[in-house]
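Protein chains in written order, with my numbering: chain A, 129 to 242; chain B, 6 to 118.
Accuracy of the hints is not assured; some may be wrong.
[Unchecked claim] As a list, the in silico DSS-like pairs of lysine-lysine whose alpha-carbon atoms are at most 30 Å apart: (1) K83(B) / K64(B); (2) K199(A) / K83(B); (3) K62(B) / K199(A); (4) K67(B) / K8(B); (5) K62(B) / K196(A); (6) K8(B) / K58(B); (7) K8(B) / K185(A); (8) K196(A) / K58(B).
[To be verified] Calculated from the model, a selection of chain B residues having no Cβ within reach of chain A, i.e. all distances over 12 Å: (9) D19; (10) G77; (11) S92; (12) S116.
In case anyone wonders, no lab produced these hints; they're calculated from the structure. Computed from a predicted structure; not experimentally measured. Even glycine gets a Cβ: it sits at the ideal position worked out from N, Cα and C.
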Amino acid sequence: GEQVEQRPPHLSVREGDSAIIICTYTDSATAYFSWYKQEAGAGLQLLMSVLSNVDRKEEQGLTVLLNKKDKQLSLNLTAAHPGDSAVYFCAVGGRGSALGRLHFGAGTQLIVIP
Amino acid sequence: GPKVLQIPSHQIIDMGQMVTLNCDPVSNHLYFYWYKQILGQQMEFLVNFYNGKVMEKSKLFKDQFSVERPDGSYFTLKIQPTALEDSAVYFCASSLADKNTLYFGAGTRLSVL
Numbered sequence: 129g130e131q132v133e134q135r136p137p138h139l140s141v142r143e144g145d146s147a148i149i150i151c152t153y154t155d156s157a158t159a160y161f162s163w164y165k166q167e168a169g170a171g172l173q174l175l176m177s178v179l180s181n182v183d184r185k186e187e188q189g190l191t192v193l194l195n196k197k198d199k200q201l202s203l204n205l206t207a208a209h210p211g212d213s214a215v216y217f218c219a220v221g222g223r224g225s226a227l228g229r230l231h232f233g234a235g236t237q238l239i240v241i242p
Numbered sequence: 006g007p008k009v010l011q012i013p014s015h016q017i018i019d020m021g022q023m024v025t026l027n028c029d030p031v032s033n034h035l036y037f038y039w040y041k042q043i044l045g046q047q048m049e050f051l052v053n054f055y056n057g058k059v060m061e062k063s064k065l066f067k068d069q070f071s072v073e074r075p076d077g078s079y080f081t082l083k084i085q086p087t088a089l090e091d092s093a094v095y096f097c098a099s100s101l102a103d104k105n106t107l108y109f110g111a112g113t114r115l116s117v118l
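This is chain A alone, in the form it adopts within the complex:
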């Protein structure tokens, strides 16, 4: 079955610096890729999702890159600010997982230092 690895588990950056989180997956049939943010005591907030026909997507200071050859998905916060401090999860699904059976990474605890 699908295996998802996420790194790093912890990341500290200074305000204004970029933060990059990477996930690798194993199933070449994976067709849906997403990133979630979880703030303390809150639910997972969907940040961005892409399908396998998209290599790059940018929205509001976030960039998602998909490298299907290397089975790698990344999230880049281009200019982090303290409000970005949270745990970030990647979640991927296959074309056949029609009903929300997502495979999650283990999470990255991001701390943005003012």
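Starting from the known structure of chain A, fit chain B onto it as the hints suggest.
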């Protein structure tokens, strides 16, 4: 954005007892899910539910687990009886028709003693 509420946020229970975790999904959503996250491990899919039926479940969804959503009220996960290994955070999620846009609750931390 859309909110999924989970009640309670933390539940402590003795092994062997029954527990019901409650989820109030987004009001017009049709698909409902439970995920389980053991401390320090990845979140894992348990089950999804649509039109009153379980559509898909993982091997983590033991026979002691059941889900229902009676009359459009809470979507519930019941564990009867509980075991020590059921201690985890349980996340509820819902989606409309877009099969992979899931909205998650904040989770219920279940501690089985």
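Hints, verified against the model:
Restraint check for K83(B) and K64(B): satisfied, since their Cα atoms lie roughly 16 Å apart, inside the 30 Å limit. Proximity of K199(A) to K83(B) is assessed by CA-CA distance (about 37 Å); at most 30 Å being required, the pair is judged violated. A threshold of 30 Å between alpha carbons decides the hint, and for K62(B) with K199(A) the separation of about 26 Å falls inside it, so the pair holds. With a C-alpha separation of about 28 Å, the suggested pairing of K67(B) with K8(B) holds against the 30 Å cut-off.
Restraint check for K62(B) and K196(A): the C-alpha separation of about 28 Å stays at or below 30 Å, so the hint holds. With a CA separation close to 23 Å, the supplied pair K8(B) and K58(B) stays within the 30 Å bound. Distance hint between K8(B) and K185(A) is fulfilled; the C-alpha atoms sit about 25 Å from each other, no more than 30 Å. Proposed proximity of K196(A) and K58(B) is contradicted: the alpha carbons are some 35 Å apart, above 30 Å.
Every Cβ of chain A is farther than 12 Å from the Cβ of D19(B); the closest lies at roughly 26 Å, confirming the non-interface assignment. Interface exclusion of G77(B) from chain A stands, the closest Cβ pair being 19 Å apart, more than 12 Å. At the 12 Å boundary, the C-beta of S92(B) stays outside the reach of chain A, the nearest C-beta of that chain being 18 Å off. With a least beta-carbon separation of about 17 Å from chain A, S116(B) lies farther than 12 Å from that chain, consistent with its non-interface assignment.
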